Amino acid sequence: MAKGTVKWFNTTKGFGFIAPETGGRDVFVHISAVERAGIRELADGQAVTYELEAGRDGRESATQLELA
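1 is the number of the first residue of the sequence shown in the UniProt record's numbering; add one for each residue after it.
You may find that some hints are simply not true.
Said to hold, decoys possible - Derived Cβ-Cβ restraints for the label pairs, each shown as a range:
1. GLY58 - GLY38: 26 to 32 Å
2. GLY23 - GLU51: 25 to 31 Å
3. ARG56 - THR5: 15 to 21 Å
4. ALA47 - PHE15: 17 to 23 Å
5. THR11 - GLU66: 17 to 23 Å
6. ARG40 - THR5: 15 to 21 Å
7. ASP26 - GLU66: 17 to 23 Å
8. ALA43 - ALA2: 14 to 20 Å
9. GLY45 - ARG25: 14 to 20 Å
10. GLY55 - MET1: 25 to 31 Å
11. ASN10 - ARG59: 17 to 23 Å
12. GLY58 - ALA2: 26 to 32 Å
Unchecked claim - Cut-off 16 Å, straight-line C-alpha distance, at most; resulting in silico cross-link-like pairs (EDC-like, lysine to aspartate or glutamate):
13. LYS13 - GLU41
14. LYS3 - ASP26
15. LYS3 - GLU53
16. LYS7 - GLU21
Simulated from the structure, these hints should not be mistaken for lab results.
Model, not experiment: these values are computed from the prediction.
The beta-carbon is built from N, C-alpha and C at its ideal position, and this holds for glycine as well.
Turn these sequences into a full structure, and let the hints guide you.
Here it is in structure tokens:
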């Protein structure tokens with residue numbers, strides 16, 4: 001599992017981004033992944049672990065989120 005920090009998450013818009021611990025491009029996270037993980041909310045600066053999943057459009061997003 002990868003580790004990172006929530007850069008920002010907007011509950012109203014239903015998405016946000018995670019800054020990977022190893023650097024590189026920010027990782028998209030959708031509200032559906034947060035809900036599937038049973039997480040009520042993601043706070044800016046919160047540490048998380050996650051897996052990367054390729055979407056139908058080829059872009060990667062975070063899945064299997066866990067609070068770290």
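Here's how the hints hold up against the structure:
1. GLY58 - GLY38: 26 to 32 Å: 28 Å, holds
2. GLY23 - GLU51: 25 to 31 Å: Violated, since GLY23 and GLU51 (Cβ atoms, about 18 Å apart) do not stay within the stated range.
3. ARG56 - THR5: 15 to 21 Å: With a Cβ separation near 27 Å, ARG56 and THR5 fall outside 15 to 21 Å, so the hint is violated.
4. ALA47 - PHE15: 17 to 23 Å: 19 Å, holds
5. THR11 - GLU66: 17 to 23 Å: 19 Å, holds
6. ARG40 - THR5: 15 to 21 Å: 18 Å Cβ-Cβ, so the 15 to 21 Å window holds.
7. ASP26 - GLU66: 17 to 23 Å: 18 Å, holds
8. ALA43 - ALA2: 14 to 20 Å: 19 Å, holds
9. GLY45 - ARG25: 14 to 20 Å: Once the Cβ atoms are compared, 19 Å apart, the range 14 to 20 Å for ARG25 and GLY45 holds.
10. GLY55 - MET1: 25 to 31 Å: 19 Å, violated
11. ASN10 - ARG59: 17 to 23 Å: Given range 17 to 23 Å: holds, Cβ gap about 18 Å.
12. GLY58 - ALA2: 26 to 32 Å: 19 Å, violated
13. LYS13 - GLU41: Status holds; Cα separation ~13 Å.
14. LYS3 - ASP26: Given that 16 Å is the threshold and the Cα spacing comes to 12 Å, the pair holds.
15. LYS3 - GLU53: 14 Å, holds
16. LYS7 - GLU21: 11 Å, holds
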